[in-house]
Amino acid sequence: MEQAFFLADAELQEALAGLSAQADVWVPASDARKPGLVRFRRFQPGLTVRLDARSLVSAKEVLFPRSETLLRFTKEKDLSVPAGHRIHLDDARTVRPVVVFGCRPCDARGFLTFDPVFTKGPYRDPYYSERREKTTFVSLVCRDADAACFCSAVGSGPADPEGSDAQLIPVDGGYVLRPVTERGAALLEPIGRTAAPEQIREAQDVLDQVGRETVGEGSLTTLAEAFRARFQDPAFWHAHIDKCLSCGLCTFVCPTCYCFTITDEARGLNGERIRSWDACMFPHFTLEASGHNPRPSKVERYRNRVGHKFSYFPARYGQVACCGCGRCVRHCPVSVDIRAVVRDLPAQEEAHA
Amino acid sequence: MPKVVTNDNPYLPHMGTIREIIQETPNIKTFRIVLDDPEEMAAFRFEPGQVGQLSVFGVGESTFVINSPPTRREYLQFSVMKTGEVTRALHRLSEGDPIGVRAPLGNSFPVDELKGKDILFVGGGIGMAPLRTLLLTMADRREEFGDITVIYGARSPQDLCYRYEFDEWKAAGVNLILTVDREFPGWEERVGFVPTVLAEEAPSPFNRVAITCGPPIMIKFVLAGLKELGYEDDQILTTLERRMKCGIGLCGRCNIGDTYVCVDGPVFSNTQLRRMVSEL
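So the protein lines, in turn, are chains A and B. With our numbering, the residue at position 216 of the first sequence is 216, and numbering never jumps. With our numbering, the residue at position 65 of the second sequence is 65, and numbering never jumps.
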């Protein structure tokens, strides 16, 4: 560890306030009314910052809001034509620098699924890309993986720096801040003191120890072919998904799910075109005006979700579209476990037959 | 007021004006649209088969093929069947109304690969729209292609689109075979479903490519009929439709396995269709 800073627990609020002068700082936080509900909120002094707790929803909404305006339109009377009108379009937007502070490595890595889709093309999404370019991720080395976590099974791990600009490493009395990228270094320099050699040693020990941990069994990254072979096996999909409620929770808490819808809302002469989170698990997602639906039941919809993450996305972008955060497993109301489904893809014995 | 363009934003439509509306059938209208910025209109380039998203602001967007050919660029033509929310709103528009256009999107017919070949178009109902752009491209470059045969069917004579230009197609050397599902007073062309007429006509697959579009049930039997006639998979092209929102490969709606109809299609060969997961 060449360069590192130390941030004492007692100085956390002050440091976040300092960062907030130049950027919107998003932290996991809870409020007094719902202390158990931890989610990412924009920092303001006095906010109950909860670096100790895993957030219910990932930091996805920081770069990909649940709902955002793509453009505004105004109808104006056109005096040159009888009964005519014109439409004035405006897609102006301002993008503030953003810091995501204290997310887990899985959350930061989740954006590596967004990046090739939204920033590379064939079409670049300017809303996501502009925010992405101004965002710095400081992730917390994770020491409290639970039974639902499986980051190691998708090629990541609880100390994974990939996708993060800096790492927070818990040590005695506070955190050692370790820059991963130049952007991370530039962010940290003003807020921490240079760490003492023993603090650096302790942090390195934590990194080494957590880095050796395996979270989740086996590997779920090489099952694209097995998925194709299972595609036309309705019994397999029914066995795994008949209990699904099609509630879509798995997609909303997922750091890598990026399906969206676009809708218009107008009042009088003004209106907005709005992008909102949508979910491939909803029946109407692919329902066509004719009544035809290419994914008519939850079998086809869940198969598409599994296929997208572990077969289609790897075919297109060379990586699985899953960061192993375990939220879909942890929060599913009927305990659908995507790990079990994916692990069973290549199984020869038909447990469900 | 000028349009505010802050950068290259693929979600931002070009503004256009509806120059002409043609009532094709009781539930299909054709819109001829000119982009408001003359420079944009002059610079607009597309290939046959590419699509566009039409915007009715306050209602939404939907995807339609540009069915005018790139060889005729005085307007962009789209045919719209009244089916859902956006198409209903489009049908309420009048000539002179503003409309948003995001185009061109998607891939196109491989026109260069079709040069020197005989062509068979097999269309049903509104499915004639994507075929029209290629048909007229070929009509305007007639000497580059061999025989052009069109089998076009609809439920009734009044459900056939583009009736007013059938004579122009024939004058361009197109062998036009029309059919409707059952007998109608005054109808003197063929009677019968499109796949049946295809089997009766039996155009030879030798040096020929078949291009088909229509309702799914028609496509299913046309593909079977073409196979029966000896057409290989790579001699058959079709265009697919899916519900779309973004049209640019992001929103996750129109995929068939790892293929996105919006950016990889809408034009596919039967060889490509057979490689896809079966989720049509």
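Just so you know, these hints were derived from the structure itself, not from any lab. The reader is advised that the hints may include incorrect statements.
From the structure, some residues in chain A lie toward chain B, with a derived Cβ separation under 7 Å [as the list claims (entries may be wrong)]:
1. K77
2. S80
3. D146
4. F260
5. D264
6. A266
7. T286
8. E288
What follows is a set of in silico ranges between Cβ atoms, one per label pair, in the way DEER data are often shown [said to hold, decoys possible]:
9. B:E228 with A:R330: 51 to 57 Å
10. A:L287 with B:P110: 30 to 36 Å
11. A:R96 with B:S94: 51 to 57 Å
12. A:G268 with B:E188: 40 to 46 Å
13. A:Q319 with B:S156: 49 to 55 Å
14. A:L287 with B:P157: 30 to 36 Å
15. A:T69 with B:G96: 24 to 30 Å
16. A:L287 with B:I217: 15 to 21 Å
17. A:S276 with B:K220: 43 to 49 Å
18. B:K220 with A:L79: 52 to 58 Å
In this text, a Cβ means the ideal position worked out from N, Cα and C, and glycines have one as well.
Confirm or reject the claim that A:L287 and B:I217 have a C-beta distance inside 15 to 21 Å.
Given range 15 to 21 Å: holds, Cβ gap about 19 Å.
If you take the shortest Cβ to Cβ gap from A:E288 to chain B, is it below 7 Å?
With Cβ-Cβ at 5 Å, under 7 Å, it holds.
Interface restraint verdict for A:D264 against chain B (beta-carbon cut-off 7 Å)
Interface hint status for A:D264: holds (5 Å vs cutoff 7 Å).
Range agreement (Cβ of A:R330 with Cβ of B:E228, hint 51 to 57 Å)
54 Å, holds
Beta-carbon spacing of A:Q319 to B:S156 - inside the hinted bounds 49 to 55 Å or not
53 Å Cβ-Cβ, so the 49 to 55 Å window holds.
Using the Cβ atoms, figure out if A:S276 sits within 43 to 49 Å of B:K220.
35 Å, violated
A range of 24 to 30 Å was offered for this pair. Does it hold for the Cβ distance of A:T69 and B:G96?
28 Å, holds
A closest beta-carbon separation below 7 Å is what the hint needs, so does A:D146 meet it against chain B?
29 Å, violated
Status of the A:F260 interface restraint (C-beta, 7 Å, chain B):
5 Å, holds
Just tell me: holds or violated, for the beta carbon distance of A:L287 and B:P110 against 30 to 36 Å?
Between A:L287 and B:P110, where Cβ atoms are some 32 Å apart, the hint holds.
With 7 Å as the cut and Cβ atoms as the points, is A:S80 at the interface with chain B?
11 Å, violated
Using the C-beta atoms of A:R96 and B:S94, is the stated range 51 to 57 Å upheld?
43 Å, violated
In the structure shown, a violation is registered for the earlier hints numbered 1, 2, 3, 11, 12 and 17, in ascending order.
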